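Colleague: One-letter residues, chain by chain:
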Amino acid sequence: MTDTTITFGHSPKPLMFKVKNILTRNGTLSAFFLLILVNLAITPNFLEIQTLYVNLTQMATIAIVAIGMTLVIGSGGIDLSVGALMALAGTVAPLIMLSDFGMSNPSIGLMVAIPVALLAASAGGLFNGVLVSRYNIQPIIATLVLFISGRGIAQVLTNGELQSFDIPAFEFLGTGRLLGIPFQAVITVVLALVCAWTLRRSIFGRYLLAVGGNEKAAQLAGVPVKKVKLVTYTVCGLLAGIAGLITTAINAASDANQTGQLMELDAIAAAVVGGALLTGGKAPVIGAVLGAAIIQLMGYTLLANGVHDAVAMVAKAFIIIVAVYLQQMRGGSK
Amino acid sequence: MRGIHKSFGGIAALTDAELIIQPGEVHAIIGQNGAGKSTLIKVLNGAYKHDAGEIFFMGEKVSYGSPHEAQCAGISTIFQEVNLIGYRSITENICLGHEPKRFGMVDWKRAHSHARSTLRRFGLDLDVRKPLNEFNIATQQLVAIARAVALDARIVIMDEPTSSLDDHETSVLFGVIRELKASGVAILYVSHHLDELFEICDEITVMRDGRTVDRKHISQMTKLDMVAGMLGRSIDDVEAGGTTGFSAKSTPIGEVMLAVKGLGGASPVKNVSFKVHKAEVLGLAGLLGAGRSEVARAIFGLDRDQKRGQVFIDGCEVEFERPTDAINAQLGFCSEDRKQDGIIPQLSVRENLTLALLPRLARRGLIPEAEEREIVARYMDRLGIKASSMEQPISQLSGGNQQKVLLARWMATNPKLLILDEPTRGIDVGAKREIQLLIRELADNGLAVLMISSEFEELVEGADRVIVIQEGQSVDELTGESLRVNAIIKSVSHISHAKQ
Amino acid sequence: MLSRCSAQLRSEGVWIALVLMIMFGGLRYDSFLTEYNIMTFLSYNSMFILIALGMTFVIMSGGIDLSVGSVVALSSVVVAAVSPYGIEVALPVGVLVGVATGAINAFVITRLKVVPFIATLAMMLGARGMALVVSDNQSVPVSWDSNFTHFGLGKAFDYLPWPVVTTLIVFIGCWVLLEKLPFGRHLLSIGGSEESSRLMGLQVERTLWGVYVLSGALAGLAGVMLASGFGAGQPLEGMGWELSAIASVVVGGTLLTGGLGSISATLAGAILLGLIFNILNFENGSGTITFSAYWQSVIRGGFLLVVVIIQAKIINKARAR
Amino acid sequence: GLPVLEQKERYKVGFAQSESNNPWRIAETKSFKEAALSCNWDLVYTDAAGSAAKQVSDVDSMIAQQVDVIFLPPREERPLLPAVMRAKSQGIPVFLVDRSVDAKVAQAGRDYVSFLGSNFIEQGQLAAQWLIENTGGQAKIIELEGTTGSSPANDRRKGFDDEIAKHAGMTILASQSGDFARDKGRKVTETLLQSHPDVNVIYAHNDEMAIGAIQALEASGRKAGTDVLIVSIDGTRDALQAIIDGKMALTVESSPFFGPLACATLKRYVGGETIEPWVRVSDRIFTIDNAAKHIDEAY
Ligand SMILES: Nc1ncnc2c1ncn2[C@@H]1O[C@H](COP(=O)(O)OP(=O)(O)OP(=O)(O)O)[C@@H](O)[C@H]1O
Ligand SMILES: Nc1ncnc2c1ncn2[C@@H]1O[C@H](COP(=O)(O)OP(=O)(O)OP(=O)(O)O)[C@@H](O)[C@H]1O
Ligand SMILES: [Mg+2]
Ligand SMILES: [Mg+2]
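Chains as they are written, first to last, in our numbering: chain L, 47 to 380; chain F, 429 to 928; chain U, 308 to 628; chain C, 156 to 454.
So that you can see chain L by itself, here it is in the shape it has in the complex (with noise of 0.2 Å):
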């Protein structure tokens, strides 16, 4: 049709025309690195590996929960429960390992308690999907929901109480290592690229990318629409799950309280910041990774550079609106 070389990659151009080029169409890497050349300059001790370690134990329950919320995001939908999830999940888990069963025999509490609290999560999960699916309700408010009563569930489970336990099997999940790299960060790595791999390679994630693209199309096509999205949530309160399982091993306690506050919204900011649309069809699981990574590594830039708090937020807000724009000025050619 045309006379225009169409991979405008190739095409001989300047080294710095090259760079800028990469980094333009891809926002969210320039926006990381970005991150981290700043880093580099003003924090003290930036270049160590328990900086990296800091950073990846801490990036790990948010980056989990990103995965979960960009297929959802993927499929059209938003979920802001992940956080009551991570409560619940948190907090299931120690009232079975510190059940009088739990107790007398530690080894299978330990083997109920995770499958036991993982399927809470998912079924929180799975409650979700059926409101979204079989009720048309709109994803907010749907997820809304548990995001109101989810906590609150835990809470009531514990009285608001938290439990402290003392299971170094269970404790390994958030503070062991696994040759050397932090389990936590092997457990994310593990899920994002299995996550990945099922949205390229499997009917499951085509269907689930149809289904956020045209949702009409998809179910005249032979899409089955109702069970993709229940598969989608509940995949995403699994994942919620998993990070509830981490954090409260890494605390060597559970909070219903505490546990996930405010984690929807990081996990739609790394999401949105990994390049996944609000408003379906994509979903960049390797992007939300990378996305929470920016999310992390900006509070630790903050944090560890004795900003304060109140002035934090006003720059995470700025930090967010610039990385999803670098992100957006790939798509945006106009």
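Nothing false has been slipped in among the hints.
In the PhoX-like style, the derived pairs of lysine-lysine whose C-alpha atoms are separated by at most 20 Å in a straight line are: (1) LYS558/F / LYS624/U; (2) LYS620/U / LYS272/L; (3) LYS537/F / LYS487/U; (4) LYS243/C / LYS462/U; (5) LYS844/F / LYS706/F; (6) LYS487/U / LYS558/F; (7) LYS624/U / LYS272/L; (8) LYS487/U / LYS529/F.
In short, the hints are calculated from the structure, not lab data.
The structure displayed is predicted, hence computed values, not measured ones.
Starting from the known structure of chain L, arrange chains F, U and C with the ligands on it as the hints suggest.
Modeller: Showing chains F, U and C with the ligands alone in chain L's frame:
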């Protein structure tokens, strides 16, 4: 307009395009799908910004930043896809942006009467307070036209205004165009119905691959000239092919594939019965709003409230709960509304094409990539789908190519019965021919095809048999000798005319 | 193109639920329908109604505004600081604070093309941060000597609390804006389809500016009520208010996808969601059961679920026809 | 004058809790519920979920229900004033619990009966004084603040910082909010340890954050209690256990057990006694010397 360039993400859509329109003339732009007609129009009215070139309007150099500016300057546009607001009433849609006001407040009384009188020019008498989406596409299209005409513009741009109108409505539109023309308004007219042009147009600009390749007065052109110009081929070459793509039938009709008995239920479908045989193309004719699309949707397991009646596939009665069931029974359905029910805009050509095939393609839930690519390449090749690659988002393709991808989506599933609702709506002659050829070829290979079309010519030449639907009832069947355009027109409009 | 489904606004559900709730409360608790309870209830909920009204406009235009809760806080601390000059100064200042944040939202949305959800999410952080910075992390005392607190605590004609009167006036203004002025029509069209509206020649950006500025202004006004009705500018107040505002709007039947909505249904929705708190308080005082804070959240979520499902059923039924 | 409360068999007592998202508040509520049983109260309990405005509205609904007396732990000092004033105008005596309201506008003995509680500023001072004594006036401190903008965070910071500022050898390296929560306290400490590796004291505004800090220290390979001294406020069971384990040095008590005190004070008030404006609760200090003795009374 002179030397207009416009590209999307590095792909040129317009190269050195030129357009000159005189006051009081009806100027047609023709060209294949993707030739750049709509893009040129959008550049003119400010929806897109051009990369290079100049636009002069009444001797002044102009460049509009938005359709709003163009509208203020006197350029009003009817866009190719109906672009109105479904939830809002007809009045609101017509008056939007220039509501009659009293003391700064919207004067609803005047607004309604303005809307009513505007529509009356088109012979429509509708409840203007109702939301637009309660009306069918043809009515919506007429509302869009009425809106543009009511704007008191110097130039009215019409991008394929007739693609969802029937003959009667088209002739009403032509009446309005003549009125406008008489009052000195210039009209820019884009259409794939070449015959229409002779009726209404003065000047023709031919576009090909983003360039304006020819500009002549209509009297100096024949249909063949136009087709040749659009395709960039010699006249002889084109002449050999005929005007529609349908060739003569080569395979005898087989046994009954689909039988519909007394289908009815909620309005507008009341009582429809017909049979489709293997290797047969059955046409459904009817006026807009007769309920043809609803019949098709009901068969395919959509709109489940159409409860009465029976549907048989291969002799067995079936009741599809959802499209998946129909697909499993090897049915395929191309809906009339590409944007709403067809494409998944963010996904690539490849992903769109294999969507319906996935359950069969996938192994243990995974999609075999190589095989998928191979299938996509095969169909893109076979249907001549023009895209920069199979990874291009489908939203960037022209309408005709989008339609081909959707056809391929169903062909790939190797269906027994294919339901095509307006398969060639808004598609250029070149692509249309190809699609028509393809339909024939599919039928000859034993496929049963149910084709809904508002173009009677297409039905006459393409269908083996035509069922006429009138106000939700199947009233007539035309075959063989009786299958003539005139006969369809008569049959289709019999009652409605008698009523008036 | 356009969908075929008939989609008229359905908001019967919220009115029925509201009437049922009021009847329930009135029959079960002696002092529920007393003047004191009704007036203090309305007075307190005025703030929620105001931001819910603003949110209705935003949602009808197809957007969302997550920043309102923080803007209330920001406005309240700024207003508290100028309260010695009296309400004549404080009121415009508070509204202006809201207008400014709304304008920033609008700028980010229309110019930088950041989706409303994210743009206002950032403002939610930003305004909260600003509120804390301005107030030096403390609630800001208001002047009790000027007429400032009269606005939040006083009554018009010795009967109706000023916040209620103000909200009533704002409500009427919003209704006129939506039903009688072109602006209302334009924003509904934009919510129905932004692309179509642009192609039809609407000045989409200008209307969106109006929508976000209005939402901000109403949040600013709510901030004035907060400061003068509670005697302090409170940088930490208003957390989660955006979500209850969204819930009020949706419970009222306004489509989150935009294009369809009703101002009066939002009013009903906001009152309904406020009532549940009031009723829980009365239930805890009636001596049979005491719901802990946790049970209260479970019940509130459950209540929202019921209302939303009823709404969904009504809407789905209408759609099926 | 203050409203008179007639002698009755049972009193309808309003308790307008401000929030229930931390152990301290939970213990406080529990204490009031127990007091209700032992003192023959019909308790009208509300929860403001952290919103001062809602707390005012909660008090309003108590007034509407015509309770006899209101115990109010104000979420904030200033925004609760209208609630106090309205109760007064409706003739309902109010006792403030654990936090007071702005003394410039409302006064004990005139607008409300009395304030029962301790002094947050003093708690911060106590922690600072202990540190100064036990570090010989030399320390590099990280401060973990409570929720930004909340009054215990502000007061505990003021009391501590003012005291520390008097000693040149004591420096506060960084002061950041940990939101009164264990998880956030841990995260913030992890980060601050990286940018301020020379720290040797951590002061947390509550025990939860202190425990988070211990976890952060251990994760970074430092020994809590030896490499870094930890002091905080509250006196929770977990904190006392940490003191016994040698991981924490000190916690200043901030008792949530107001129920019995409330009961006793109300009895005195009904009996016609004039209640002093501030019924002081004296805060103890828990260290390794007495932690084991008191752990069973902790919450
Ligand atoms: N928004 C867009 N982004 C990218 N490419 C576009 C866009 N709009 C149009 N194009 C491309 O520009 C070319 C010209 O498209 P245009 O819509 O102008 O064709 P047309 O002549 O109107 O075709 P049709 O008859 O199918 O309407 C096509 O190749 C199309 O793929
Ligand atoms: N949701 C709806 N609400 C009200 N009327 C509807 C609705 N859907 C369809 N109709 C009506 O049903 C009738 C038939 O619809 P439709 O126009 O699709 O028939 P058709 O014969 O298939 O026409 P077309 O040539 O456009 O395909 C029309 O009169 C239309 O107004
Ligand atoms: Mg076109
Ligand atoms: Mg049709």
